[in-house]
Amino acid sequence: MLLIHCPYCEEDRPELEFRGAGEAHIARPTNMADLTDEEFEKFFFIRDNEKGLVFERWRHMHGCGRFFNAARHSVSDKFIMTYKAGEPKPTITQAQIDAVKPPAKGTPANEPVWTVDANTGEKGEAK
Amino acid sequence: MSFSVNTGANRIAGKGRLSPAKTVTFTFDGRRLNAMEGDTLASALLANGIHLAGRSYKYHRPRGILGSGPEEPNALMNIARDKARRQPNVRATCQEVFDGMEAHSQNTYPSLTFDVGAINDVLSPFYGAGFYYKTFMWPKAAWKKIYEPIVREAAGLGKSPDEADPDRYANRFAHCDLLVVGGGAAGIAAALAAAKSGKRIILADENPELGGWLRAETSATVDGIPAAEWAAAKQAELAAMENVTVLTRTTAFGYYSHNMVSMAERVTDHMSKPDADLPRERLWQVRANKVILATGAIERHLVFADNDRPGIMLASAARLYLNHYGVAVGRNVGVYTACDSAYEAAFDLADAGVKVVAIVDPRTDVAEALLASANERNIKVLTGHAVTGTKGRLRVKSMTVEPVNGSAKESLEIDSLLVSGGWTPSVHLFSQSRGKLKFDADSERFIPDIHVEECVSIGSCNGTDEMEAALSEAMASAKDAVGGRAATAPKVAGFGSMSGHLIGSAKGAGPDDHVKAFIDFQNDVCAKDIRLAVREGMHSIEHVKRYTTTGMASDQGKMSNLHALAIAANALGKEIPEVGLTTFRSPYTPVTFGTIVNHAKGDLFDVTRRTAIHGWAEENGAVFEDVGNWKRAWYFPKAGEDMAAAVARECRQVRESAGIFDASTLGKIEVVGPDAVKFMEMMYTNPWAKLPVGMCRYGIMCREDGFIYDDGVVGRLAEDRFHVTTTTGGAPRVLNMMEDYLQTEFPDWKVWLTSTSEQWAVIAVQGPKAREIIEPLIDGIDLSPEAMPHMAIREGRICGVPTRLMRVSFTGEAGFEINVPADYGRAVWEAVWERGAPMGMVPYGTETMHVLRAEKGFIIVGQDTDGTVTPYDAGLGWAVGKKKSDFVGIRGLTRPDIVAEGRRQLIGLKTKDPKVVLEEGAQIVADPNQPIPMKMLGFVTSSYWSSNLDRSIAMALVEGGFDRKGQTLYVPMENETIAVEVCDTAFFDAKGDRLNG
Chain A
1 MLLIHCPYCE EDRPELEFRG AGEAHIARPT NMADLTDEEF EKFFFIRDNE KGLVFERWRH
61 MHGCGRFFNA ARHSVSDKFI MTYKAGEPKP TITQAQIDAV KPPAKGTPAN EPVWTVDANT
121 GEKGEAK
Chain B
1 MSFSVNTGAN RIAGKGRLSP AKTVTFTFDG RRLNAMEGDT LASALLANGI HLAGRSYKYH
61 RPRGILGSGP EEPNALMNIA RDKARRQPNV RATCQEVFDG MEAHSQNTYP SLTFDVGAIN
121 DVLSPFYGAG FYYKTFMWPK AAWKKIYEPI VREAAGLGKS PDEADPDRYA NRFAHCDLLV
181 VGGGAAGIAA ALAAAKSGKR IILADENPEL GGWLRAETSA TVDGIPAAEW AAAKQAELAA
241 MENVTVLTRT TAFGYYSHNM VSMAERVTDH MSKPDADLPR ERLWQVRANK VILATGAIER
301 HLVFADNDRP GIMLASAARL YLNHYGVAVG RNVGVYTACD SAYEAAFDLA DAGVKVVAIV
361 DPRTDVAEAL LASANERNIK VLTGHAVTGT KGRLRVKSMT VEPVNGSAKE SLEIDSLLVS
421 GGWTPSVHLF SQSRGKLKFD ADSERFIPDI HVEECVSIGS CNGTDEMEAA LSEAMASAKD
481 AVGGRAATAP KVAGFGSMSG HLIGSAKGAG PDDHVKAFID FQNDVCAKDI RLAVREGMHS
541 IEHVKRYTTT GMASDQGKMS NLHALAIAAN ALGKEIPEVG LTTFRSPYTP VTFGTIVNHA
601 KGDLFDVTRR TAIHGWAEEN GAVFEDVGNW KRAWYFPKAG EDMAAAVARE CRQVRESAGI
661 FDASTLGKIE VVGPDAVKFM EMMYTNPWAK LPVGMCRYGI MCREDGFIYD DGVVGRLAED
721 RFHVTTTTGG APRVLNMMED YLQTEFPDWK VWLTSTSEQW AVIAVQGPKA REIIEPLIDG
781 IDLSPEAMPH MAIREGRICG VPTRLMRVSF TGEAGFEINV PADYGRAVWE AVWERGAPMG
841 MVPYGTETMH VLRAEKGFII VGQDTDGTVT PYDAGLGWAV GKKKSDFVGI RGLTRPDIVA
901 EGRRQLIGLK TKDPKVVLEE GAQIVADPNQ PIPMKMLGFV TSSYWSSNLD RSIAMALVEG
961 GFDRKGQTLY VPMENETIAV EVCDTAFFDA KGDRLNG
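As you go down the protein sequences, you meet chains A and B in turn.
My numbering puts the last residue of the first sequence at 127; the count rises by one with no breaks.
My numbering puts the last residue of the second sequence at 997; the count rises by one with no breaks.
The hints are simulated quantities; they were obtained by calculation from the structure and are not laboratory data.
Since the structure is predicted, the reported quantities are computational estimates derived from the model, not experimental observations.
Incorrect hints may have been included.
Stated by the list, open to error - With a cut-off of at most 20 Å between alpha-carbon atoms, the simulated SDA-like pairs for lysine to any residue come out as follows:
1) B:Lys-883 / A:Leu-35
2) B:Lys-436 / A:Pro-102
3) A:Lys-42 / B:Glu-704
4) B:Lys-882 / A:Thr-30
5) B:Lys-882 / A:Thr-36
6) B:Lys-355 / B:Arg-331
7) B:Lys-638 / B:Gly-840
8) B:Lys-273 / B:Glu-37
9) B:Lys-910 / B:Ala-986
10) A:Lys-101 / A:Met-81
11) A:Lys-78 / B:Asn-289
12) A:Lys-84 / B:Tyr-741
13) B:Lys-678 / A:Thr-30
14) A:Lys-84 / A:His-5
15) A:Lys-42 / B:Arg-703
16) A:Lys-42 / B:Pro-896
17) B:Lys-409 / B:Thr-364
18) A:Lys-84 / A:Arg-28
19) B:Lys-935 / B:Met-973
20) B:Lys-750 / B:Gly-673
21) A:Lys-51 / B:Arg-434
22) A:Lys-89 / A:Ala-24
23) B:Lys-438 / A:Pro-102
24) A:Lys-42 / B:Thr-894
25) B:Lys-750 / A:Gly-86
26) B:Lys-882 / B:Asp-705
27) B:Lys-884 / A:Thr-30
28) A:Lys-101 / A:Gly-52
29) B:Lys-391 / B:Asp-121
Take the sequences, apply the hints, and build the full model.
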């Protein structure tokens, strides 16, 4: 169960309190009636559904009731950040994505994250 | 030393940590036996000389107790406390005995020692891997009627209880800085080191006491005291600390996103007479900042011919039974091991007076110290040898030994055989956390590599076998979890080695294709089955697993997975990492449904919503139906009436005089603010700007795709205030959609949305006498048709209570919906009832409401629409504001598919035979004589008997329906074809004269 930071409550709360609301930053066109079929298709039906970095909407349904946005990694399920509705789409750096991405499949002989010196019990840096 | 109670001939005086003074009595297959308090069922049976614990799943081979913990694949029992409390498939190695416990072996007929199903063992050449897939293919129809019932009857472990579970189960959410899973040496040390920080720590272990494998030690010491005593002392120390919660008998079974760990605590399963206030089990859902996994390792068996006879068991188990439970598993014991640790078991048994016939070890480089220790005890060690067969039907009697590189066979008599193929790190939880494993080629095992969650693995689950190194890891992990300085690890001495291993087939287990060398005991999978699967084209371990079912039993292959993988890799000529490892899934060990469901059963299964008028309906004989979470009065039968009769009477009486109906469940949303009109214009298809204050309008809400989402009557109470009603089931999603648009698309608009569904009780009074009935009760509202026409809304008082009175009708009759504060709902209802009853008013339920609205052709969203129906399709195009420049759905309604010909449209149907009532959902065709599959034009959405019209009526969605008025269509049913005529949906008072009466 995910732990989600509500940017309005400013608290980490369990996923039970939230409801997902689809892809973020899809503004409803102000000239809706005049859209071409292609424009409407793009607005209403087509979603990026990226593997990796996604921007998505959540509602703190059983909390403050507010809608907000999140940048999340769709494979590791880890959040990079959450932010209030209406705030501009944040620029996410590669370093931020790397910090939450899952280990690559079939990574050859990955180094351990922790190495421990048997004598001192000290944790060393990963090689 | 003499025991007052005989707890078994195989108790060794002076061994073990249980007290002979505390004994219990239980039964096994009806036989009364004594045990010591603290015994598991397995240790108690072994103490009484019982190895034979059950029959295997497929071949019905006699099986014994193999392990001493959660890995046990054989000794699965039915445990009963009383008639209602019976649980199948309980591992005898984990179930503690209690006074009065009834244990039964499973999968046996007619008895454990004589089993008819054992014929499968003789016929086993026909039961190879993929047997079911190959055999039950033909004829196809026979599967459902013949094969499946037989297979289901013959298969399956145990019998499920046939009474409702009377026990309570609890649920607890917990948060901590550090969760330590596993209370063996490493877990205890880590928890202790971290606990000094004062941070919140939870330590969970599946056994009744901490210590893990320390409990199997005798001479080993930690901090200078015997290892098991150290564990007990540290458990007491931890339990006494305020910031530490020690949970024993608690299995962490699931590791989920963001460090959420689920654990099952068995609270009363070991008690003879549990306190009635205690839950049987408790589900812990722990959110931890950091998790330390100290889940240990599980010993593997060895794969050789007939390795499954009762009396053959893991060496570690035998050692634990001796040193913790004081039980010798045999008197004449053989040992077959490729791992050093089994030597310790042999030595301890020899020291306790048990004859160790021989230690057979396929390795030729066994450590000198071990050989010397064996020699001291006069134990014969056959290095470079293998056990290639065993004999004995219900208990192993002998083993056949031969050199690994040779064929000189020797048979040795034994009554038990301890086996060890080395240790498999318990990486289940780590793997569930999405952590990546790596294959260590030297020790041929998978160990944790990359941690994805905030967790770390320490000790033998991390492949760290040496106790000193494991405790160093514990210190480092504690420091990392809670900060501060690393504590000094406790000093250890006297721990044996865990090195040496053998995975895959041992000598004599192949490449022969009939030798039964078992890999997976619970699912009866042999080495030959894996090889067969590979020969038949299964080249991925995921396919091998599913084809042979290896590792798919309730033990999830805790002992068998590595063996299966090694044999598959060998058959494929590949390295083990290339073949891959199957995914570990929760739960780690079986969890009862009770624990998962816990409080959410019976009345607490789901919320039940009752209206303010519910009690009155109950007292007046209403039959209720569930509508979402609501209980709604369905109909009010009089004595002797069935549903049809009651509904027919209610329907007639509403139209003849009047009816009263509880409409409180309608969703209600107050839309308020300077931009309320603008907002309503956007959310609904209808125009609102010109709706006068004091009037209502039927509104339709679409999604952007133009399909109907909800509907309801909306009243304008003021320029800036709307009383919006929604469908009963639609209230939350309508408010959610409104909030979504308001918050994210129009955040600048000054509108406030408030759910008022439960604030207002709604009493509908409908029928020709409705006005006359309520008029004397109303204050401050002129009810005359001129002052209060159809679709008017007024505020005033009824019976002295504030009301929002709407003149609306869902029946086609003149009528009112009286909104009053819910607390006054019943009182006002009763006042209206007292006045109306003598005037012929009838209480009616949802069924009559449905019939009456259908007579008028009023739709119910979700019944006559299904998410692909536009307002135009439903014949409600008049409700779409043609002059509006925008509303949700405006563009969707002009999509090519929506404006195309041939869409399904809502029309009425009259059966040619007026007595025939169509089935809702029935399909409609133009030509009933066309070949099957027929072209379906549409389907029936609503269908009723109308007593007012003395005929059946129906509505349907039919292709091009509006243009088919007058056409004859057909409804093919199983036994007849029903002819119908397409008509208008308004069956009754099409002009609406009665509404305005």
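Against the structure, the hints:
1. B:Lys-883 / A:Leu-35: This hinted pair holds, its Cα atoms lying about 17 Å apart.
2. B:Lys-436 / A:Pro-102: Roughly 9 Å between the alpha carbons, so the hint for Lys-436 of chain B and Pro-102 of chain A holds.
3. A:Lys-42 / B:Glu-704: Given that 20 Å is the threshold and the Cα spacing comes to 13 Å, the pair holds.
4. B:Lys-882 / A:Thr-30: Answer holds: Lys-882 of chain B to Thr-30 of chain A is near 18 Å, not above 20 Å.
5. B:Lys-882 / A:Thr-36: holds, 19 Å
6. B:Lys-355 / B:Arg-331: holds, 6 Å
7. B:Lys-638 / B:Gly-840: Given that 20 Å is the threshold and the Cα spacing comes to 15 Å, the pair holds.
8. B:Lys-273 / B:Glu-37: Status holds; Cα separation ~14 Å.
9. B:Lys-910 / B:Ala-986: Measuring from Cα to Cα gives roughly 11 Å; hence the hint holds.
10. A:Lys-101 / A:Met-81: holds, 14 Å
11. A:Lys-78 / B:Asn-289: holds, 15 Å
12. A:Lys-84 / B:Tyr-741: holds, 15 Å
13. B:Lys-678 / A:Thr-30: holds, 14 Å
14. A:Lys-84 / A:His-5: Answer holds: Lys-84 of chain A to His-5 of chain A is near 11 Å, not above 20 Å.
15. A:Lys-42 / B:Arg-703: holds, 16 Å
16. A:Lys-42 / B:Pro-896: holds, 15 Å
17. B:Lys-409 / B:Thr-364: holds, 18 Å
18. A:Lys-84 / A:Arg-28: Roughly 18 Å separates the two Cα atoms, so the pair holds.
19. B:Lys-935 / B:Met-973: Holds - the C-alpha atoms of Met-973 of chain B and Lys-935 of chain B are around 14 Å apart, at most 20 Å.
20. B:Lys-750 / B:Gly-673: OK: Lys-750 of chain B and Gly-673 of chain B at ~6 Å, within 20 Å.
21. A:Lys-51 / B:Arg-434: holds, 17 Å
22. A:Lys-89 / A:Ala-24: Measuring from Cα to Cα gives roughly 9 Å; hence the hint holds.
23. B:Lys-438 / A:Pro-102: holds, 15 Å
24. A:Lys-42 / B:Thr-894: With a Cα-Cα distance of about 15 Å, the restraint between Lys-42 of chain A and Thr-894 of chain B holds, given a limit of 20 Å.
25. B:Lys-750 / A:Gly-86: Measuring from Cα to Cα gives roughly 16 Å; hence the hint holds.
26. B:Lys-882 / B:Asp-705: Roughly 17 Å separates the two Cα atoms, so the pair holds.
27. B:Lys-884 / A:Thr-30: Measuring from Cα to Cα gives roughly 13 Å; hence the hint holds.
28. A:Lys-101 / A:Gly-52: The given pair, whose Cα atoms are some 8 Å apart, holds under the 20 Å limit.
29. B:Lys-391 / B:Asp-121: holds, 15 Å
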